[in-house]
Amino acid sequence: MSKLTEHLEEVTIRFAGDSGDGMQLVGTQFSDTSGFAGNEVNTFPDYPSEIRAPEGTLYGVSAFQIHFGTRNINTTGDFVDVLVAMNAASLKVNIANLRDQGIIILNTEGFDARNLKLAGYTTNPIEDGSLQKYHVVAIDMAKELKKGFIELDVPSKLIQRTKNLFALGITYWLFNRPLEATVSWINKKFKGKEDVILANVHSLQAGWNFAEKNEDFKKQYIIDKSQLAPGKYRNITGNQAVALGLVVAATKAHLPLFLGSYPITPATDILHALSGYKKYGVKHLQAEDEIAGITSAIGAAFGGSLAATTTSGPGLSLKTEAIGLAVMTELPLVIVDVQRAGPSTGLPTKPEQSDLMQAMYGRHGEAPLPVLAAASSSDCFNMTVEAARIALKYMTPVILLTDGYIGQASEPWQIPDIKSLPDITPQFASDPATFKPYLRKAETLCRQWAIPGMQGMEHRIGGLEKEDGSGVVSHDALNHQKMTELRQKKVDGIANDIPELKVIGDSEGDLLLLSWGSTYGAAKTAVEKLKGDGHNISFAHLRYLNPFPKNLGDVLHRFERVVIPELNMGQLKNLIQAKYLKSVIGINKVQGKPFKSIELEEKIKMLLSLENLNRWKANKGEVDIPVDL
Amino acid sequence: MKTLIDDILQKPHAGEMQYTSKDFKPDVDVRWCAGCGAISVLSPAQRLMPDLGIPKEKIVFISGIGCSGRFPYYMDTYGFHGIHGRALPIASGLKIARPDLSVWIVTGDGDNMSIGGNHFIHACRRNVDMNVLMFNNEVYSLTKGQYSPTSHRGQITKSSPLGALDDPFNPVALALGASASFVARGHDKDRAQLQQLLQKAHQHKGFSFVEIYTNCRIFNDGAFDLYTNAETREEHTVWLEHGMPLLFGKKKDKGIKLDGFKPTIINLNENGNSINDVLVHNEQDSTLAFILANMTYSEELPRPMGTLQNLERSSYEERVVKQIEDEVNLKGEGNLESLLLGESHWTI
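Line by line, the protein sequences give chains A and H. If you read the first sequence in the numbering used here, its first letter stands for residue 1, the second for the next number, and so on. If you read the second sequence in the numbering used here, its first letter stands for residue 1, the second for the next number, and so on.
Bear in mind the hints are in silico, worked out from the structure with no lab data behind them. One or more of the hints may lead you astray.
As the list claims (entries may be wrong) - Incomplete in silico selection of chain A near chain H, CB under 10 Å:
| # | residue |
| --- | --- |
| 1 | Leu25 |
| 2 | Asp32 |
| 3 | Gln240 |
| 4 | Ile291 |
| 5 | Gly293 |
| 6 | Gly299 |
| 7 | Ile415 |
| 8 | Gly469 |
Stated by the list, open to error - FRET-style restraints, in silico, Cβ to Cβ:
| # | chain 1 | residue 1 | chain 2 | residue 2 | range |
| --- | --- | --- | --- | --- | --- |
| 9 | H | Lys158 | A | Asn551 | 26 to 32 Å |
| 10 | H | Leu142 | A | His364 | 15 to 21 Å |
| 11 | A | Asp431 | H | Lys331 | 38 to 44 Å |
| 12 | A | His364 | H | Tyr297 | 37 to 43 Å |
Said to hold, decoys possible - Quick look at which bits of chain H chain A covers, simulated, 3 or more residues with Cβ under 8 Å:
| # | segment |
| --- | --- |
| 13 | 5-12 |
| 14 | 53-60 |
| 15 | 77-83 |
| 16 | 95-109 |
| 17 | 323-329 |
| 18 | 338-347 |
Even glycine gets a Cβ: it sits at the ideal position worked out from N, Cα and C.
Turn these sequences into a full structure, and let the hints steer you where they fit.
So this is what it looks like as structure tokens:
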């Protein structure tokens, strides 16, 4: 039976089911396979914060979204094209974001009276006509699977557990994906458990076969390969990328790596990854609390390790006093904050960019430190290495901001050639005759790093103010002024050592869209769409929040209007307005969700109207024009 | 996985190590109050250092906040003056990263039992090889005289003008309860004895906790007189020495006898009591250690001083190193290229 094929530029598919349905597993497999197939991919796991939520409930729904295509896949997809719903609750929770005419693949077994009731349906959506604007394929997956297993000697309980692979097989057929990658993964994963391997592989194939024969699947969709630079690729989450970045940075600096950390969502995956890297010599301490996490790292830094601590907002709050200690002792330390929605416990699994002010100023006293932000999952690798470079070169704690979105989302990452990455040189002291702990290099103002074991350089440091040069405790008034200024100057000077801000599009004009952190993907997609529609808009993205790139002020003042989208109430906007005296229009979203590119596109379109520009000019740019989402 | 630190570690100490206590006295004024108990701990510590046979660049003193926090400035070794309550995790991170170092923590009853209490119990159970000297003066001194977690109920301080309502921690019992492997108690009026205790703490592999009664002349003068003054201490304390009977009193004619789990006092000159009736200390018996620790606030019994417990247990940093070695032996040294490639990758 030959079926029609259709070429598509991009597709978003969402696997949704109960927490126990294995949706994260098939989602990961689908994204890996799409990567193998040469597509750009951006994925997001969306699982409940409940550990084992009761079966069939709305709050127990677990989903995995994959946005894949030929080009410009910068987000996890604004709308879903294909929804796999393993039960009624997963349909109910996820249907709102399904595109009209989208495909729904349903497992009818999950739509029995009990499941319908738990999901709050009074009638069965499969039968009541409420899904008419979608293309629905309802399948009794258990029944179909049984058919396929008649000749195989596999326990039926085991077969039941492979329904997710059956659903995956269907989607592989739908997008003409090869099965090999998943088959080899199954073989590796379940090595030694032959019946498990058999059941999973068989279900995957059965899904494919089912779709091929079933009349409801009329078309296969072909997504052409992307024009990616040649090289080796893998899918990577931001949290994995941070862990790898730390290991690589330590290697390039020829230093041992020490992680002091305390489990906290959504940063814990970094601790998980690094705790498994023992054969790379990584030492880690799962500390008794956040404070011990960072202070143990400070101790390790005093001893000459590349030290890091990883956390999320509430943890960053707890670490603030210790960060001040690292500022005062001028020790290298990488602090990774995988931001989540706050304040307080907030929305632990949901992203926000609302720790920027805390990263900048959340310490008592004048305590400046470099703040960086990763733009995407794979960029977390680069920015972690960069954070370590700055920490070691300038002898300073550095805060790297990521968030729950890019921390957990994955995208293809071109695996770097480690040899081609530049070496990092720690600022070790070498001459006991001239050593003083707070003597500074003229060029960077960094102090020297003398670590225990270096003979003749025994010294004492701590949180008390030091005399310039000698490092002896000093309460002298003018010395404190001098040291405060030196610490500030040191951080400010890093601006000479970071790339200038690049503007994409015209270097001056009406409107500059300026993003930072994880808003990069949505902003980039929106800009490309707007440009494609003939709008004139320039775009820039900030990775360095403190210090800002040297040319930022110039760039800002070359535009009539600057728009900053942020997942907060305007924190970068306020920083920029204060520093550059330039009015900024904020687009602010605090819903525990990243921006959709369409949201930014629409807001910017509105701003681009002549009427809006005139209003802005009439107000001399002094009045902010509210942009409600 | 050779690092720059390995180069530093492997560099032998240049010249001979013929230290005297003077080599550990930096050129700074000691700014504790005259007669402060802390001063009486500093000199035994400085005198002990040459005996350790460790180059001084390998010795690190770490403190938190409080009067005790100044200690590192008065030792000419590497030193780190941390923030309030956090000396232990700073020291833990250092020792885990650098097992070659001799790490000492100087803390107080406020720093260690109150703001740093959580770190203390976890440091006890974790057993990182380091030595904690806790100056207990039963008061907050640097903040000028408030009650501390070891102050007694009813103690009059600036923040308890009508008497403190809290009951105190018994530091040695807390340490034992949190599984510390070495637990001892000394005081500031017998420097030789204290130096001996510090030496023992150093020799013990793992976490060593030494509570040191230190008199605060300004805010809690004489708090320990009964247990530390030469005239009264023999009647009111009992020295714990492994394998030795628990005798006390000026004539050493009184002993501790166990009545079930209950320690009682017997007089060797009465009722036909003999030395054979007296409890013999076993510092490897953790049940006994608890019984002895709980004599602390008893009205009748002498206060236990010396080594309550001294257990052998692998230290945390040893386990860290071993885990890495075992993994390398099992799987070979990590190959960074293959780590970056991950479970699955593809080529374009």
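Going down the list of hints, with the structure as the test:
| no. | hint | verdict |
| --- | --- | --- |
| 1 | Leu25 | violated, 13 Å |
| 2 | Asp32 | holds, 6 Å |
| 3 | Gln240 | holds, 8 Å |
| 4 | Ile291 | holds, 6 Å |
| 5 | Gly293 | holds, 8 Å |
| 6 | Gly299 | holds, 3 Å |
| 7 | Ile415 | holds, 5 Å |
| 8 | Gly469 | violated, 16 Å |
| 9 | H:Lys158 <-> A:Asn551: 26 to 32 Å | violated, 56 Å |
| 10 | H:Leu142 <-> A:His364: 15 to 21 Å | holds, 18 Å |
| 11 | A:Asp431 <-> H:Lys331: 38 to 44 Å | holds, 41 Å |
| 12 | A:His364 <-> H:Tyr297: 37 to 43 Å | holds, 38 Å |
| 13 | 5-12 | holds (count 4) |
| 14 | 53-60 | holds (count 6) |
| 15 | 77-83 | holds (count 7) |
| 16 | 95-109 | holds (count 6) |
| 17 | 323-329 | holds (count 4) |
| 18 | 338-347 | holds (count 9) |
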